[in-house]
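Trainee: Once you've looked at the hints, go ahead and assemble the two chains, each given alone in its own frame, into the complex.
Chain order of the listed sequences is A and B.
Under this note's numbering, think of the first position of the first sequence as 1, with each following residue one higher.
Under this note's numbering, think of the first position of the second sequence as 1001, with each following residue one higher.
Because the hints were derived from the structure by calculation, they are not lab data.
You may find that some hints are simply not true.
Only part of the chain A face toward chain B is listed, based on derived beta-carbon distances under 10 Å [stated by the list, open to error]: (1) Tyr35; (2) Leu43; (3) Leu88; (4) Ala92; (5) Gly108; (6) Leu111.
Source: prediction; values computed, not measured.
No residue lacks a Cβ here, since even glycine has one placed at the ideal position from N, Cα and C.
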Amino acid sequence: KAGVTQTPRYLIKTRGQQVTLSCSPISGHRSVSWYQQTPGQGLQFLFEYFSETQRNKGNFPGRFSGRQFSNSRSEMNVSTLELGDSALYLCASSFSTGTYNEQFFGPGTRLTVL
Amino acid sequence: SQQGEEDPQALSIQEGENATMNCSYKTSINNLQWYRQNSGRGLVHLILIRSNEREKHSGRLRVTLDTSKKSSSLLITASRAADTASYFCATDDPGGSQGNLIFGKGTKLSVKP
Chain A
1 KAGVTQTPRY LIKTRGQQVT LSCSPISGHR SVSWYQQTPG QGLQFLFEYF SETQRNKGNF
61 PGRFSGRQFS NSRSEMNVST LELGDSALYL CASSFSTGTY NEQFFGPGTR LTVL
Chain B
1001 SQQGEEDPQA LSIQEGENAT MNCSYKTSIN NLQWYRQNSG RGLVHLILIR SNEREKHSGR
1061 LRVTLDTSKK SSSLLITASR AADTASYFCA TDDPGGSQGN LIFGKGTKLS VKP
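Okay, chain B solo, but in the shape it has when bound (with noise of 0.2 Å):
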């Protein structure tokens, strides 16, 4: 069952330009995970964050997450034509073991040059 629902599905910017991704799920979790995709291949981890955090940076990545309305977001800032991918926010089940991570079905980010 879908836990993570990314908003939007799809988005196109400019480069330079911010990119901000939005996802919400709807049980409690232990910590949330954004994956980068390119094209049909292999996912790329990108941050994981605790429930009892609420910022984190990595670079050009900004994550927040806010427990109490069950969602997070990813910010991309400067983006480059690189950053064209799909991106997927993922949950921990906690009733489940903890290899078992559960997807949202992506935004979709297309950066024209």
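Bound-form chain A, shown alone (with noise of 0.2 Å):
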């Protein structure tokens, strides 16, 4: 089976800028999370989605969106750039039918904001 596949792999804007990511989950799962990772904040949650609907969201401004489509496939945006949106950003993928659900994560994207 595939792994989560992200895409592009590496990113470079310019502050004011809007970008999409995209991920491709595991063929069967339902559910995918956009993670934030930076030096200073760790691993922070985005949100998540399932069955194209968001199911839950982090405390992030409303810069940061997402979507999800009927293959299960995600996107996030970002506009208005800042600086400070310089991250790894990470989605996962998981069954999300029951209480234990293993995620499994893609190579991420790493956003370069100048």
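Mentor: Here you go:
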């Protein structure tokens, strides 16, 4: 089975621009979660999508948004980029059919904001 | 907010030695997971332990869970240079959805050949 894939792997943007990141989950997985990882704040939950609906959201400003398509692929968008948005963005997928759900992560997208 | 806290923050050992990392958390959980991350890459799932389990093994990994102390430990036996990575514990968020994992800041393990 193919793992979680994320595109692009690296991205360089300038302040004020917007960016869209893509995540393809493991086949059969219906839940996709997004996380931001920075040296200062560590790994922080952004949001989770299940069956095209946002099921939970972390404590991030409205500039961060996402969506999920009918094939479970997910995108996240960050508008009006700030220097502090530079981070590794990770997505994870799981079956999400019970309480004990292993989440499997993709390789991440490294975003640099100049 | 941070739920898990790993201890120590950094650990340096020689190949062949055992490495033990600890994780403490604050609220009740359904399960706890351990992940490995190699230098800025994605997270690799190592093991999941349920709240009603006390110990779990997977190859050279041994995980324990003490819900009364709200703590878990990860033991890597006979470590190898390839085990050099950061290790994170993650708990589910009882108040949130199943897809929301709360991570600690991690233990950076260095295994010297």
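Trainee: Compare the structure with each hint and give your call.
Mentor: Okay, the hints, checked on the actual structure:
1. Tyr35: Given a least distance of 8 Å, the restraint on Tyr35/A holds.
2. Leu43: Since chain B brings a Cβ to about 4 Å from Leu43/A, closer than 10 Å, the hint holds.
3. Leu88: Since chain B brings a Cβ to about 6 Å from Leu88/A, closer than 10 Å, the hint holds.
4. Ala92: holds, 8 Å
5. Gly108: Since the shortest Cβ distance to chain B is 5 Å, the answer is holds.
6. Leu111: Status violated, d = 12 Å.
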